[in-house]
Amino acid sequence: MKRSGQLLEDLQKRKKRQIWLAAAGIVLITAWSARETDFSVVSVVRGFGEIVRFIGQDFFPPDFSAFRSLIGPAVDTICISFVAMVVGAVLSLLLSFFAAATTCPYRWLQASVRAVCSVLRNIPALIWALLLVAAYGLGTLVGTLALILTSVGTLTRAYAEILEEIDMGQVEAVRATGASWPQVIAHAVLPQFFPGFVGWSLYKLELNMRASTLIGMVGGGGLGFSIQKGLKLFQFQEVCVAILMVIVLVLTTEFITGKLRERLI
Amino acid sequence: MSAILEIRNLRKQYADGTLALKDVSLRVHRGEFVAVIGSSGAGKSTLLRCINRLVEPSGGSIIVNGVDAVKASGRQIRRLRREVGMIFQQFNLVERVTVLRNVLHGRLGYRNPIAGALGLFSRQEIEEAKNILRRLGLHEQMYKRADELSGGQQQRVGIARALSQKPLIILADEPIASLDPATSETIMQILSAICREDGITCLVNLHQVDVAKRYADRIIGIRQGTVVFDGPPKALDDKAVGKVYGP
Amino acid sequence: MSMEVEWAPAGAARQTGRTETPARRRRDPVLTGAAIFGAVFFVFGLIHLNFDYGQLWKGTLAFVRSWAYLFPPNAAEWQPILAAALETLYVAVVGTVLAVAVAFVLAFFAAENVAPKTAPLVKGFVSLLRAVPTLVWALIFIVAVGMGPLPGILAIFTHAVGMLTKMFAQSIEEVDEGVLEALRATGAGWLQVMLQGVLPCVATSFLAWSVFRLEVDIGESTILGVVGAGGIGWEMANAMRNYEFDTASFVGMVIFAMVYSVEFATNRLKNRIRLRG
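Chains as they are written, first to last, in the working numbering: chain A, 1 to 265; chain S, 1 to 247; chain C, 1 to 277.
Check each hint, because a few of them may be wrong.
As a list, the in silico EDC-like pairs of lysine to aspartate or glutamate whose alpha-carbon atoms are at most 20 Å apart [what the hints assert, rightly or not]:
(1) Lys166(C) - Glu262(A)
(2) Lys166(C) - Glu254(A)
(3) Lys123(C) - Glu254(A)
If you are wondering where the hints come from, they were derived from the structure by calculation, not from laboratory data. None of these values were measured; they are calculated from a predicted model.
So here's chain A without its partners, still in its complex pose (with noise of 0.2 Å):
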């Protein structure tokens, strides 16, 4: 069939130039944006040697002797995330089921869920926290409520979209038996709904972990404050103490969390 191979001749050179053309694209936007913000891979490269330099000489070695007066920010940023994910997982929870448009009776109410977790969502954490800085002073509780406002918005669509997946078949059988609605949400629905969930969260947890590291630069406490005041000071090796512990967290967190979601399936 001569025209169906020219066809396909034909899709096959369109996709190539759509690929060179967005390729170019993105060379052009690239180069137009460094050269706005004065940027250039040569004085980089140059420069490189001195950043090393720096690195080197004034955060090396770091100050050990630091390390007891990080413990109490430390644990602060360790309970901060938790304690955010789980309220925030809880909170979710029940946001999800108005989200997902297999169980929520009203398509306005979950357009507008959908809408409101994607301002919470969009938001960055440390932004959140400068906008409730003003209201509720500085401290942990500033650094939980925004890491909470952003775990809801994540995980109440995450948990949505695994909800718009759950085979709807287990659901029709345990209908069928006669089971009445918060019966068939119990045994059809969450059982599927739970690797997800539990998946979704440890992730978030992660997630808050990194962010939570960060909160204290606006105040939210925890190690992100002792970060900013050792560099304002220039306290630079008893700073490197404070990110080497952010490393070892986020790490520790990540191994973690990993291993269990491997156990999960």
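Chain A is fixed; fit chains S and C onto it per the hints.
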């Protein structure tokens, strides 16, 4: 023998305009093993699902043991459903839970909403569920996750779940379509033996005409939403099959 | 699976020997342990953080009351704010694109199925890059090179390389071993196997991760300004410091618009690709 199921002028039109059932009337007597045959899209599945209101009929009446299913409201629908067991082509077991728990789901219609939701079943119900599993040869698999079982075993769990409802009627929607020929025979044997032993009326959708002829007391042929054949298997000759299936 | 011969008619079953109950499956002890630990830790955390719930209530009231100050958003200084928003975008774009380029190369040395000797080393190195939050990198680079967009670009670049290398390497590791085997069997060299065999398989997922990273980086870029790396975060911090809530809410909306439009665009793209699929 009274009619345990009586359908009069049943009609179902879907939102997109398709008329799945045009005008279906039939009577089924207690204890009958009825096979429903017809090509895909003929309306077999819709017919079965109207009986337990998984699909909303557009018109007509369905009288199950004296109660009109079409007119039933919330609580009555629950009561209706617990007396009608359903078996599915894709088994539709809750895969992550144990076989035993899946069978107990059949009792949910008899428990109050909160207790059932929490999964609290009485000791007697649990014992009876275990007995059903023993009867179907699944005793060893009781505590395994449902998705660890083979297709044939899963369908047996589906049958067990329907049995635990102690139903008057069992509706089976293409129960063997996803199984190999040997397993299909086993399932059909189980289904017909159990319905005979327990006196349960059975409506089975099948697309294998030979299987229908071998197991059913009575065959109903559906074509484009209407009944075009209704009689014993020996009356289903080639001409009749032609009427059901094709031009 | 052989035919199920365990089933027999009702009467017979009760006479067959095996009637002991099978053992109940034990729950995964690690998971239950973790769950219990989690619950206990949650309570511990609440106690440790010792929130002033009175403050929580008062603050919420104050927040609700302050909504009056937030609206209508003050767009009077929209020019510098929009310029700042653009700068934020530039920083994110440059940082991400460079990171994609570098990660692309690094990934091939981090994947265990194509470079088993160097993989652990490279993976370890990039996980360090990834473990330090972008903001902390920004702080470090600010001290090293001064304020402005440059440290922001470097910070985004560094963290993104960490993340992208891991994700790219994962995609490479998921390539079917058979494909690699077949190409090697034709006598192709390492580079050829990579570009002709691996690349086509991972191209879509590389693209997906890159776009995802861009989304995240735009969000990160918005906050970099808060510590002095330029961009819209700076405007926000400024406005809050001066209690100009209405300006702050305008900036907040701009931030939301930026981050959301990326999410929106990528969703549309995803759907179009899925339909073509």
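For each hint, the structure was consulted:
For the hint pairing lysine 166(C) with glutamate 262(A), the CA-to-CA distance comes to about 17 Å; that is within 20 Å, so the pair holds. Between lysine 166(C) and glutamate 254(A) the CA atoms are separated by roughly 13 Å; this keeps the pair inside 20 Å, and the hint holds. Among the hinted pairs, lysine 123(C) with glutamate 254(A) is consistent with the structure: their alpha-carbon atoms are about 14 Å apart, no more than 20 Å.
Violated hints for the displayed structure: none, as all numbered hints are satisfied.
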